[in-house]
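For the protein sequence lines, the chains are A and B, in the order given. For the first sequence, the positions run 1 to 311 when the UniProt record's numbering is used. For the second sequence, the positions run 1 to 460 when the UniProt record's numbering is used.
Simulated from the structure, these hints should not be mistaken for laboratory data. Misleading hints may appear alongside valid ones.
Computed cross-link-like contacts, EDC-like style, restricted to lysine to aspartate or glutamate with a CA-CA straight-line distance of at most 16 Å [unchecked claim]:
#, chain 1, residue 1, chain 2, residue 2
1, B, K266, A, E134
2, B, K179, B, E159
3, B, K354, B, D332
4, B, K42, B, E61
5, A, K82, A, D153
6, B, K284, A, E76
7, A, K255, A, E297
8, B, K266, A, E80
9, A, K91, A, E134
10, B, K266, A, E86
11, B, K284, A, D79
12, B, K42, B, D6
13, B, K447, B, D217
14, B, K178, B, E159
15, A, K308, A, E239
16, B, K266, A, D79
17, B, K292, B, D319
18, B, K341, B, D319
Residues of chain A clear of chain B, computed beta-carbon distances all greater than 10 Å [what the hints assert, rightly or not]:
#, residue
19, E20
20, V52
21, P68
22, E101
23, S116
24, T118
25, Q140
26, L253
27, S279
28, W281
29, K283
30, E300
Idealized CB from N, CA, C, for every residue including glycine.
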Amino acid sequence: MIIKHQEKIASPEIIQSRYEALGYICSNSVATAIYLACHLQKPILIEGPPGVGKTELAKITAAYLNAPLIRMQCYEGLDESKALYEWKYGKQLLYTQVLKEQLGDVLRGAKGLDESITRLHEFGDIFYSQEFLEPRPLLQALQSEDGAVLLIDEIDKADQEFEAFLLELLSDYQVSIPEIGTVKAVSTPIVMLTSNNTRELGDALKRRCLHLYIPFPDAALESRILATQVEGLDAQLREQIVAIIGKLRDMPLKKSPAVSETIDWARALLLLNVAELDSHWVKETLNLLLKFQDDIELVEPEIAALLKSLR
Amino acid sequence: MRFVADFIGALREAGLPVSPAESLDALKAIQLLGLDSRETCKNVLALTLVKRQDDQEIYEELFDLYFTGVEKAKEADQGDSEPSEDLLAAQKDAGNGDDSAANASSALGQALIQKEDMSLAIAQAAVAEKLSTIVLFTQKNHFAYKIMQRLGDEALSAEIHGVTNSPEPKNSPDPKQKKLQRELIKSRARLLDQVKDYVEQQHQIFAQHKGQKYREDFLQQAKLSQLDRLDYKLMQTLVRRAARKLAAQHSRRRLTRKRGQLDVRKTIAANAAFDGALFHTRWKATRVERPKVVAICDVSGSVSRVARFLLLFLYSLQDVMPKVRSFVFASDMVEVTELFKQQEIELALEEIMKRWGGLSTDYAKALSGFQSQALASIDKKTTVIMLGDARNNQGDGRVDIWEQVFRKSKRVLWLNPEQRNSWDSGDSIMSEYLPWCSSAEPCRNLKDIERIFSRILKYS
Chain A
1 MIIKHQEKIA SPEIIQSRYE ALGYICSNSV ATAIYLACHL QKPILIEGPP GVGKTELAKI
61 TAAYLNAPLI RMQCYEGLDE SKALYEWKYG KQLLYTQVLK EQLGDVLRGA KGLDESITRL
121 HEFGDIFYSQ EFLEPRPLLQ ALQSEDGAVL LIDEIDKADQ EFEAFLLELL SDYQVSIPEI
181 GTVKAVSTPI VMLTSNNTRE LGDALKRRCL HLYIPFPDAA LESRILATQV EGLDAQLREQ
241 IVAIIGKLRD MPLKKSPAVS ETIDWARALL LLNVAELDSH WVKETLNLLL KFQDDIELVE
301 PEIAALLKSL R
Chain B
1 MRFVADFIGA LREAGLPVSP AESLDALKAI QLLGLDSRET CKNVLALTLV KRQDDQEIYE
61 ELFDLYFTGV EKAKEADQGD SEPSEDLLAA QKDAGNGDDS AANASSALGQ ALIQKEDMSL
121 AIAQAAVAEK LSTIVLFTQK NHFAYKIMQR LGDEALSAEI HGVTNSPEPK NSPDPKQKKL
181 QRELIKSRAR LLDQVKDYVE QQHQIFAQHK GQKYREDFLQ QAKLSQLDRL DYKLMQTLVR
241 RAARKLAAQH SRRRLTRKRG QLDVRKTIAA NAAFDGALFH TRWKATRVER PKVVAICDVS
301 GSVSRVARFL LLFLYSLQDV MPKVRSFVFA SDMVEVTELF KQQEIELALE EIMKRWGGLS
361 TDYAKALSGF QSQALASIDK KTTVIMLGDA RNNQGDGRVD IWEQVFRKSK RVLWLNPEQR
421 NSWDSGDSIM SEYLPWCSSA EPCRNLKDIE RIFSRILKYS
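Can you make the complete structure from the sequences, with help from the hints?
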């Protein structure tokens, strides 16, 4: 991708501080990954528990580089025709109908079947040309003039066949369309793949990507994230929230609260005008943090002890 | 750059699959960002080289070990190129009044007397001696000796001895010579310590995981019945890894079939080129294959020594694959699917062995129990796996039930922990069941289990 402002990606530190200004607090390893992706032109495979900001990272990168974000959500059964391209069948049908009459003109004067066929061949595969091609996200990303940020979301949800299909795109930034040939990227896009690890991805895919693992943030980082994301939150309350979340993540829960849940919770508490955490409010708002009834039942009796340990 | 290449070698030894392409990426990335900041360097290498989360821990451990060494060597390097004031002063000293240094004839001796930093020399000698091939801790002294030799220890030793034994009658108790000798002996001891430390550190980097790999290879081949209790822990991780590998390879198999509902949209699209005449049909039905497995495990006295491992595998399989029903029996058939789900592996195994393990076998009773509990749920998609030795204490085997199981299921596998030539010996009635098994195989080590299960999943 042609990055118009090279100074924007001059060093990981610059990326880190600029992202922070945009409201995305990232660790050094995240910034380094973005830096390397821009300079080495390699895709990044982002893994981590749900809700740590994997998709957000792609959005913010697109915004930062002033590039369009092209997003492709993966799911079981996703195939080429939905991911890469499809022929505009309706248009093809319509054109064949309209052009039927023209056929007579074209073939006028031709002697015998052979000559007619030869004449037809001269027109080439008009129905399988760029005009009849409906680009889907992957092709769009390859065709964008100034490059784009391509987000392939939740790649682990797609089938293995699709994963294999992506390999050509990821290593050479090109795809093969049988009727047309190889389509090369006009300008190399920045590709980000996210995965929640519901299934182990193939080695071939991993080999082609930089591998970035985003864990739950540590207390300091999370506190900074809260400070930027939730304005007007009292500093003391913020520390309490971060401490409680940290404690919850140590418990054997089905789903640990992620950053996005922390932010939701903080916003809710702010909205409710809670000045200090007490067991009543925690109990009332627990369903914002925990998404399984089992987890809620596990945590509820512990609330008092949790709050006590904060002081 | 050599440091990075060596480090990649160490990672490979530790079992991380680093490909040449990834190494190149790492080198390019390092060229971009440099080796100056340790944190950045660590991030860069992790991004380009470590692609599995399980490997993260090994990576961090190795990185810290390795680059502590590198930093030391670097410092030494700098020290060499621009000698510090201390060193200069020392040299001056040596040159002036006390001419003991001048007397040390061997190169190593001189270097030691002048208190040069030997780290870099040691590292170079280690490379020349191929220290990175070290495998066993017993090789440590050997390598230390070889490195010392390469540093020029022979000459130094000769010199030390020479001073002691020098038959110079005129000034035999030369105080200067004596002092030099003492000095040399002390420095040599220090150097030896330094070399040994270095070898130790390199051994940790290169061999620690190698040793473990040897052990794992051995365990995979070892007979299940001969394994030590101590190996359980490692075996558990191995089994788990095998089960996960199998499930990852096979759990989602999707087949497009030429039957089911017609996909109108796709069919029209596929035939647009033929002016709407429908040459090719497209079908909606894609079928996600999820093999259904019913596994039965004998835990009676005769198989008690291998039962734990069979259970271990069963547990792991159920953990990673949907739709596995697990049964155990000695005389009564008990379903343990729920138990496996609820309990941790250790506890579950312990409980099963305590409650049902080690009793005498009664296939007749067990199979009739199976008939009432599970036969109804077996259909043409089900694979039935029996892990047992068919030793039935002379009783009737109720082969008729096994026949029913065979007829209703897709396939019946019998895995026997005994080797083939001891089937049918003594009270084993394996041959009675054999006609009603799609395949029956001896299963004597972890490799066998892995191979057999991989086949089940592949053709399901």
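To see whether the hints hold, each was checked on the structure:
no.: 1; hint: B/K266 to A/E134; verdict: holds, 15 Å
no.: 2; hint: B/K179 to B/E159; verdict: holds, 13 Å
no.: 3; hint: B/K354 to B/D332; verdict: holds, 14 Å
no.: 4; hint: B/K42 to B/E61; verdict: holds, 11 Å
no.: 5; hint: A/K82 to A/D153; verdict: holds, 14 Å
no.: 6; hint: B/K284 to A/E76; verdict: holds, 14 Å
no.: 7; hint: A/K255 to A/E297; verdict: holds, 13 Å
no.: 8; hint: B/K266 to A/E80; verdict: holds, 13 Å
no.: 9; hint: A/K91 to A/E134; verdict: holds, 10 Å
no.: 10; hint: B/K266 to A/E86; verdict: holds, 11 Å
no.: 11; hint: B/K284 to A/D79; verdict: holds, 13 Å
no.: 12; hint: B/K42 to B/D6; verdict: holds, 15 Å
no.: 13; hint: B/K447 to B/D217; verdict: holds, 10 Å
no.: 14; hint: B/K178 to B/E159; verdict: holds, 12 Å
no.: 15; hint: A/K308 to A/E239; verdict: holds, 14 Å
no.: 16; hint: B/K266 to A/D79; verdict: holds, 12 Å
no.: 17; hint: B/K292 to B/D319; verdict: holds, 14 Å
no.: 18; hint: B/K341 to B/D319; verdict: holds, 8 Å
no.: 19; hint: E20; verdict: holds, 17 Å
no.: 20; hint: V52; verdict: holds, 14 Å
no.: 21; hint: P68; verdict: holds, 25 Å
no.: 22; hint: E101; verdict: holds, 14 Å
no.: 23; hint: S116; verdict: holds, 17 Å
no.: 24; hint: T118; verdict: holds, 20 Å
no.: 25; hint: Q140; verdict: holds, 20 Å
no.: 26; hint: L253; verdict: holds, 16 Å
no.: 27; hint: S279; verdict: holds, 30 Å
no.: 28; hint: W281; verdict: holds, 34 Å
no.: 29; hint: K283; verdict: holds, 28 Å
no.: 30; hint: E300; verdict: holds, 21 Å
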